[in-house]
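Using the sequences and the hints given, assemble the complete structure.
Chains A and B, in that order, are what the protein sequence lines are.
Last residue of the first sequence: number 162 in the numbering used here, and the count goes up by one each step with no gaps.
Last residue of the second sequence: number 1354 in the numbering used here, and the count goes up by one each step with no gaps.
To be clear, the hints were calculated from the coordinates, so they are not data collected in a lab.
List time: in silico DSSO-like cross-link candidates among lysine-lysine, alpha-carbon distance up to 30 angstroms:
id	chain 1	residue 1	chain 2	residue 2
1	B	Lys1203	A	Lys9
2	B	Lys1170	A	Lys123
3	A	Lys9	B	Lys1204
4	B	Lys1170	A	Lys9
Computed from the model, here is a short list of chain A residues facing chain B with C-beta under 10 angstroms:
id	residue
5	Thr69
6	Gln74
7	Phe134
Where is the CB? At the ideal position from N, CA and C, for every residue including glycine.
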Amino acid sequence: MNSAHISIKNQDATRRFAGLLGGLLEAGDVLLLEGDLGAGKSALARAIIQTMPDTSGRIVLNEEVPSPTFTIVQTYEREVAEVWHFDLYRLSDAEELYEIGIEEALANHISLIEWPDRLAHLKPLEFLEIVIGFGTEEEARALELSGTKNWRSRLETLAAFS
Amino acid sequence: MIVLGIETSCDETSAAVVTSERDILSNVIHSQLDDHRLYGGVVPEIAARAHLVKIEAIIDEALQRAGVGFEDLDGVAATGGPGLIGGLIIGTMAGKAIAAAHALPYLAVNHLEGHALTARLTDDVAFPYLLLLISGGHCQLLIVRGVGDYQRIGTTLDDASGEAFDKTAKMLDLGFPGGPAVERAAQSGDKDRFALPRPMRRKKHCDFSFSGLKTAVRRQKDLLEQERPLSNRDRADLAASFQESVADSLADRTSRAFEVMTEQFGSGRPLVVAGGVAANKRIAEVLRIQAKEAGSPLITAPLELCTDNGAMIAWAGIERLKLGQTDGLDFAPRPRWPLDSSAPKSIYAGAAKA
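Take a look at the structure:
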C-alpha cells in the first residue's frame, strides 16, 4: 500500500482537491470514503462528481448531488465513465449489495463508496482509501490516503497537492 | 371508482383500497422499522426480499379489510419510482400481475405525486397549492398546479431533513428512529445554548441544505467531549438547538416559497405539509406561524397518510384514472423520477439508467 497525507484548509481547497482527484479517475476505479458522521464524506464525493465533465464535456458545478443515504446509490453520467455514488450506511447485510448492482459498478464504472466497511467480502482488490478527519480550524480537514498498486503514481500526484 | 394502491418504494410494504368518493376502505402498512425496533437495531432491511415475502399477504389483507374482491376494482396503482429498485420491481410486478389477470387498468404512480395529492384525498383541496415534503428521503417545495403538473421550486442540495434528524440522533446516541428521539431529548433541552447555523436563511432561492448543520452538531459535540463525556444535559441542549435550527430553516424557506407562490397565483393559497418530519411538534408549530403570516390555510395529513402508504398511491391512481390516464404493462420502474420535468436536465444525470 502507498499512502499520502493531505491537509485541506477550507471548502475551497476541498473543491480544488476534488478536481485534481476527479481528473485522475477512470472506469473501474474505486474510492473508499471513511470518516465519522459529519466529517464530509458526501461533501467530498459531491465535489468530485461536480468537477468531472459530463457526457457533453461540460462541467456543471451546481449540479444536484443529493445524499445517497436514502436510496443507497445514485448514478451520474460522466465523460470518462459513469460514477456510482454509494452510501452503505443503511445496509444490514452484504448480500444486499448484489441487489443494488455493486458488481457491475466495481467492474465497469467509477465507484465512490461511503461506509465501505459494509462491503465485507465484496471489498475490491484495488482501491484508494480516503479517511477524512477533522483539522484544527472549522473547515479544515486531514485526509489520509492509502492506495493499492494501481494508485502508486497517482498518489504521488495527489501528495503534491497544496 | 375503487382502486387498489401498492407502495414498496422504501422501507414500508403497504396496500390500500380507496374510492373516488375519498373513502379509504383499507390502508395496510407493514413497516420494517417495527421489526427492527424490537432489537434496538438501526438498520432497516432494504432487500427486495423483505417486500417479496409480505406483499401478497398485505394485498389480501387490504382487500379483505375493505370487503372487496379483485372483481370490484376499477384499477391497480403501484409506486413506479423514485425509490430503491428492488422494492419498486416487487410492487410494480405485483400491480401488473393483478391488472393483467383481472383485465384492469394499470397505473405506475410517482411516489412523490402520491404525497403531493394526499391533501385532496384528506381535505379535498383545490389546485393550486404549495407543498412542503419533508421526509427521510426527500426535502422539497413544490407548487402543485394540477394532476401531473408540478413545479419544483426548492429541494435539498445534500441531506433530507429526516436524514439530518436520524444522523443527529445517531451522533448523540439518542436511539432510533431519529426524529422522535431528537424531539424527545429536545423537550428538556435549551435551544439557545449552542449557536448552530441556520442553513440557507434569507437566500433568494427556495433550496435547503442540512449537511453543514450536521457537521456543526458533530463539531460542537467533539468540542464538549474534549472537556468531559457528553452529559444528558448536553445531549438535550444539542438536540434542542439542532431542532430549532431545522425549524428556523424550514420556516425561512417556506416563507420564501410563499412569495414565489403569491407572485404566480396571488396570496392565500394553501400550504400542504407531507412527510414524517411534519410530525415534529416544533416544526409543525413554526409552519403554522408561517402559514398564518401568509394568510394561508395549513393542511397536514394524519401521520399514517403523511408517511409512506398505499392509500396515497391508490388516490393518485384515481386522480389519473379520472383523467383517462393509464400506463402500459411495459412500464419499467424508475429509481429516479423527478416530478418536475421542466427542471434543468443536468439535475437528472443518470436518469436514463433507471
